[in-house]
Amino acid sequence: MSRHIVMHTQRLTLTLTALASAGLLLTACGTESGTGSDGDSGGRSVQSEPGLTGVRWHVDSLTLGGKEQDAPAGAYLKIGKDGKAGGSYGCNAFGSDVSVKGDTLDFGTPRMTKRACMDDGRMNFEKDLVHALGEGRFTAKVADGRMTLTTPKGDRVNFTSRPAEPDAPLTGTRWQVSAVGDGGTAAALPKEMDGKVHLTFGEDGKVRGNLGCNTVTAKAEVANGRITFGPPTTTRKMCPGEPMKTERKLLKLFDGKARYEVRQNTLKLTAADGTVISADAATKDAKK
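Here our numbering is used: the first residue of the sequence shown is 1, the next is one more, and so on.
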């Protein structure tokens, strides 16, 4: 065989090898990092529609120790593409790191608020869900808008993806304050104050509400993601204990500017001094 033919054959072999390698790479890039087969013969990908990440997964039910229980309204999980997960256990909010490899999810130690809800059923479910998610590692299956996370022990959490709720309007909504704090971290209000602290921004450019002890009124001009608060006018009651402590923290919000962010039914206010306030849109029953 001539030297020319040998070299031509080598080049053809290298070209075919490169094309085959490129095909494999393209196939591998067809799913984002952190996806894979669920092990069925059909090989349905965890990243099938809707995707595992970036979806608000509402908790439908929990099976713990063979006993299934329905989830309360508001319990959800959202897994980000940045390796972070967060959501609500049904009463308290939580966040954690998460690693997604194939159909395996591995959650880190969760960070959660410490709010106490009056509904015992909601708190009992939360306790069980915290226990289940505390297992850390799960096998995930996603299909037709549903997701199931299963622990090595066989406990399961079932989810459904639902269309995102529209953001509640800042103006006209009664915002029930759920947490207040400093340095970018808000701590849940004491149990005895649950549902008593609220703010409502009016069309007249004013905010009215209750700070935990006294009622308050102040100017509130909204523009470009910020609210400029005027000096507060309050009643002059003296309340012992936690109500006055909370009120003093909330008063830092006034007579200055604060950033605001509304996401669905939650409001976050961040004052210039770092005071952070979290609030939820009140239900019709809560307004009575």
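Hints were generated in silico from the structure; no laboratory data involved. Everything numeric in this text was worked out from a predicted model, so none of it was measured. Any given hint might turn out to be false.
As the list claims (entries may be wrong) - DSS-like cross-link-like pairs, simulated, lysine-lysine; straight-line CA separation at most 27 angstroms:
(1) K268 x K252
(2) K114 x K219
(3) K206 x K219
(4) K84 x K141
(5) K153 x K196
(6) K81 x K67
(7) K245 x K219
(8) K101 x K114
(9) K101 x K141
(10) K191 x K141
(11) K219 x K196
(12) K101 x K78
(13) K141 x K206
(14) K196 x K101
(15) K114 x K245
Quick rundown of the hints versus the structure:
1. K268 x K252: Answer holds: K268 to K252 is near 15 angstroms, not above 27 angstroms.
2. K114 x K219: Cα-Cα ~32 angstroms, so violated.
3. K206 x K219: Between K206 and K219 the Cα gap is close to 4 angstroms, so the pair holds against 27 angstroms.
4. K84 x K141: holds (19 angstroms)
5. K153 x K196: violated (42 angstroms)
6. K81 x K67: violated (32 angstroms)
7. K245 x K219: Holds, at roughly 23 angstroms.
8. K101 x K114: violated (31 angstroms)
9. K101 x K141: Holds, because 13 angstroms separates the two Cα atoms, which is no more than 27 angstroms.
10. K191 x K141: Distance of about 38 angstroms is beyond 27 angstroms: violated.
11. K219 x K196: Within the cut-off at roughly 21 angstroms; holds.
12. K101 x K78: holds (17 angstroms)
13. K141 x K206: violated (49 angstroms)
14. K196 x K101: Between K196 and K101 the Cα gap is close to 44 angstroms, so the pair fails against 27 angstroms, i.e. violated.
15. K114 x K245: Distance of about 17 angstroms is within 27 angstroms: holds.
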